[in-house]
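Each protein sequence line maps, in turn, to chains A and B.
Numbering-wise, our numbering puts 102 at position 102 of the first sequence, and it's gapless, one number per residue.
Numbering-wise, our numbering puts 248 at position 248 of the second sequence, and it's gapless, one number per residue.
Do not take every clue at face value.
Unchecked claim - Anything over 12 Å on all C-beta distances counts as not near chain B; from chain A, calculated:
hint, residue
1, R7
2, G49
3, L66
4, V82
5, Q93
6, I95
7, L110
8, N125
9, L128
10, M131
11, V133
12, I179
13, G224
14, T240
15, Q269
Stated by the list, open to error - Okay, derived cross-link-like pairs now, DSS-like style, lysine-lysine, Cα gap no bigger than 25 Å in a straight line:
hint, chain 1, residue 1, chain 2, residue 2
16, B, K351, A, K229
17, B, K441, A, K55
18, A, K55, B, K434
19, B, K101, A, K55
20, A, K60, B, K426
21, B, K434, A, K229
22, B, K351, B, K108
23, B, K63, B, K40
24, B, K108, A, K229
25, A, K60, B, K63
26, B, K426, B, K441
27, A, K213, B, K434
28, B, K77, B, K40
29, A, K60, B, K40
30, A, K55, A, K276
None of these hints come from the bench; they were simulated from the model.
We put the beta carbon where it would ideally sit given N, CA and C, even for glycine.
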Amino acid sequence: MGKSMKRYFAIFVLPTLIAFLIAFVIPFVMGIYLSFCDFTTVTNSEFVGLSNYIKAFTSKEFLNALWFTVKFAVVAIFTINVCGFLLALMLTQKIKGTNLFRTVFFMPNLIGGIVLGYIWQSMINGVLAEMGVTMLMDPKYGYWGLIILMNWQLIGYIMIIYIAGLQNVSTDVLEAAKIDGASRLQTLCKVTIPMVMPSITICLFLTIANSFKMFDQNLALTGGGPSNKTTMLALDIYNTFYERVGFEGVGQAKAVIFFIIVAGIAMTQLVLTRKKEVEN
Amino acid sequence: MKKRVLSTVLCVAAAAAMLTGCGGSKQDSSVGKVYYLNFKPEVTDVWEEIAKVYTEETGVEVKVVTAAGGNYESTLKSEIAKTDAPTLFQINGPIGYQSWKDYCLDLKDSEFYGALTDKSLAITGEDGGVYGVPYAIEGYGIICNNAIMDQYFAMDGAVASSMDEITNFETLKAVVEDMQSKKDALGIKGVFASTSLLPGEEWRWQTHTANLPVYQEYQDKAVSDLDELEFTYSDEFKNIFDLYINNSTTDPKMLGSKGVNDSMAEFALGQAAMVQNGNWAWGQIAGVSGNVVKAEDISFLPIYMDLPDEENQGICMGTENYFCINKQTTEENQKASLDFVYWLINSETGKEYMTGKLGNIAPFSTFDEDERPADPLAAELFRYMESGKNTIPWVFTTFPSQTFKDNFGSALLEYAQGTMTWDDVKGVVVEQWKTEKAAAK
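Bound conformation, chain A alone:
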């Protein structure tokens, strides 16, 4: 059995490998090459060396967008995970209607980002209208708007992963803790959380990646306004690539830098939280 599996390994892996090559590896390599080029369309390019990277790093908008994204990500990752975990704890207790609540909390995640962005734009503007202003009055409105929107969308999803984790914590261990006289808080910190560490790894990874890569919600909610003060990295890259003449290469360079940053942070996090995981 083992042997024949090994023999057919190549055939089984082929379809996925081809898809992976076409949809990921080739565009990725091309993308890196294009970040060193001057081009309008991807099939027609001219090599220019590092000048795109120099332009990217000296562009004020890019650094502003980077800083805004970091500020956003730190708060969003914290609130989403804390709220998602608390909801998961609540909905694994013995209360009536947990399934209904789980469904309801998960639902926002099924709506697309652009739609969500426009819905929240109307709602937030509706509330701010009471004060006689709009969301574009001050970047802080847009900032908190984005945080609320992101929380609303992702909490349900993160919650489901935590619920799966919590349900897998063996009752034996919990009972043992109870018999040993551990308080609820002690049980949570010393038993439950270490046991759900794999879920935490994944949830942190997902929230970090999603917060940094956020695009459509940003585009729909504020469009980066006022005056690009709420533009996040992905939107800045998009604007550079499509809205300026002769800047496609710079946009591409920014995208490569963006990839390195996101991959770097996400990988570091994976390594760090993996170390804390324990086996059941």
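Chain B: place on chain A using the hints.
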């Protein structure tokens, strides 16, 4: 347990990878065919109908794809890199030509260019070739609802007695401010419809209104483009912009939530007496449910802002729609595309679609006087063209980039809501113009 979570995530990832299919089909290339990438989503159905009719008449395959609103450049960028690339596409002027010059065929010897009435309208390259031919002329100004205006003129103490008296900024300002103070008696919410400043909805100001001061600066310096703009007429721009935001249906602080549709709806519902927009807006006004504006009550007013020689100022007329033929497609396709566009302006059916369903004012000698679009705003354009007033050309096609316009628009929003001074707005315009122009070089 760790495995279970991981495998769930992996399954989802694998499923997503499977769904990312790849398409594309080879076709016989010995017969030319047309692939038009349409710019205007609002006329998608018409273009698809034209394609069908043309194929029935000539047997040539015509494919029409429409880019989503505001996404033309990005769609074109990805479509044109494909094997089955658009053979007919459009650019928005000299700036568009800068980015697409490798793909524009020289149309100098084509019948299509030959029929163009005013050859200066076409986009020419440095080598003297013709690379873009306009297919529709458009114009914009301040659209007025004469029913409300007449009601005001009939009032006691009105500062003017008819539309003909409004021929400069001074009178316009006096009339508007007086009307605003009597808005309750006139039954309107404000004289001007909302100055839409939602991001992506500011084009009527940072592009259209800005066209006038920039044109005047070009005139003064006797140039047709500048690397560095001084924005010498920024105070004049401020004149009209202040008038718009301070005498409208909406509090200036709330303008960041208004889009173009909001302001056209306000005008159509009779809540405002004036709105700045172009002849393309008639369909939009007429299409609002509960529309109270009658076709015979519509008129255009030039955008007065106290520029020199204002009494003779007319409407801003020009085009942002140039047809280009893809240079990098096969010769058969190029010929098919040229035949197609010539059919549009030269055959009975084609012409009917151009003026009728597309509502285009076509600048070609193949169109007779009576072959004009029937809507009231187009009629107003012809009235101004024939009145001998100075038509202002569209120089905003030389504005450096979308980023320039976006940043200018955001600055206007910040000025309107009081978070930026006018000097800063002027600074943004001058600085952004310079950087973006330098970038495009």
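Comparing the hints with the structure gives:
1. Listed as outside the interface, A:R7 is consistent with that label: its C-beta sits roughly 22 Å from the nearest C-beta of chain B, beyond the 12 Å cut-off.
2. Here A:G49 stays apart from chain B, with its beta-carbon at least about 17 Å from theirs, past the 12 Å limit.
3. With a least beta-carbon separation of about 18 Å from chain B, A:L66 lies farther than 12 Å from that chain, consistent with its non-interface assignment.
4. The claim that A:V82 lies off the interface holds: its Cβ sits roughly 19 Å from the closest Cβ of chain B, which is beyond the 12 Å cut-off.
5. Against chain B, the non-interface label of A:Q93 holds: every CB pair exceeds 12 Å, the least being about 20 Å.
6. Every Cβ of chain B is farther than 12 Å from the Cβ of A:I95; the closest lies at roughly 24 Å, confirming the non-interface assignment.
7. A cut-off of 12 Å between C-beta atoms confirms that A:L110 is not in contact with chain B; the least separation is 14 Å.
8. The claim that A:N125 is not at the interface with chain B is violated, since a C-beta of that chain comes within 12 Å of its own (minimum 5 Å).
9. Against the 12 Å criterion, A:L128 falls within the reach of chain B, whose nearest CB is about 8 Å from its own CB.
10. Not every beta carbon of chain B lies more than 12 Å from that of A:M131, the smallest distance being close to 9 Å; the non-interface claim is violated.
11. Not every C-beta of chain B lies more than 12 Å from that of A:V133, the closest at about 5 Å, which undercuts listing it as non-interface.
12. For A:I179, the shortest C-beta to C-beta distance to chain B comes to about 23 Å, beyond the 12 Å cut-off, and the non-interface label holds.
13. For A:G224, the shortest C-beta to C-beta distance to chain B comes to about 7 Å, within the 12 Å cut-off, and the non-interface label is violated.
14. Consistency note on A:T240: stated as away from chain B, yet its beta-carbon is not over 12 Å from all of that chain's, at 8 Å minimum.
15. Every beta carbon of chain B lies more than 12 Å from that of A:Q269, the smallest distance being close to 15 Å; the non-interface claim holds.
16. Distance hint between B:K351 and A:K229 is unfulfilled; the C-alpha atoms sit about 48 Å from each other, more than 25 Å.
17. Restraint check for B:K441 and A:K55: the C-alpha separation of about 14 Å stays at or below 25 Å, so the hint holds.
18. Only pairs whose Cα atoms come within 25 Å are accepted, and A:K55 paired with B:K434 is accepted, the gap being roughly 16 Å.
19. For the hint linking B:K101 to A:K55, the alpha-carbon distance of about 24 Å falls within 25 Å, and the restraint holds.
20. Simply put, A:K60 and B:K426 have alpha-carbon atoms about 19 Å apart, close enough for the 25 Å limit, and the pair holds.
21. For a cut-off of 25 Å, the pair hint linking B:K434 to A:K229 stands: about 21 Å separates their Cα positions.
22. The suggested pairing of B:K351 with B:K108 holds, with an alpha-carbon distance near 22 Å, which does not exceed 25 Å.
23. For the proposed pair B:K63 and B:K40, the alpha carbon gap of about 15 Å is at most 25 Å, so the pair holds.
24. Among the hinted pairs, B:K108 with A:K229 is inconsistent with the structure: their alpha-carbon atoms are about 46 Å apart, more than 25 Å.
25. Restraint check for A:K60 and B:K63: not satisfied, since their Cα atoms lie roughly 43 Å apart, outside the 25 Å limit.
26. Note on B:K426 and B:K441: the hinted pairing holds, with a Cα-Cα distance of about 23 Å set against a maximum of 25 Å.
27. With a C-alpha separation of about 31 Å, the suggested pair A:K213 and B:K434 falls outside the 25 Å cut-off, and the hint is violated.
28. Proximity of B:K77 to B:K40 is assessed by CA-CA distance (about 17 Å); at most 25 Å being required, the pair is judged to hold.
29. Between A:K60 and B:K40, the direct Cα distance comes to roughly 34 Å. Violation of the 25 Å bound is thereby established for this hinted pair.
30. Restraint check: the Cα-Cα separation between A:K55 and A:K276 comes to about 41 Å, which exceeds 25 Å; the hinted pair is violated.
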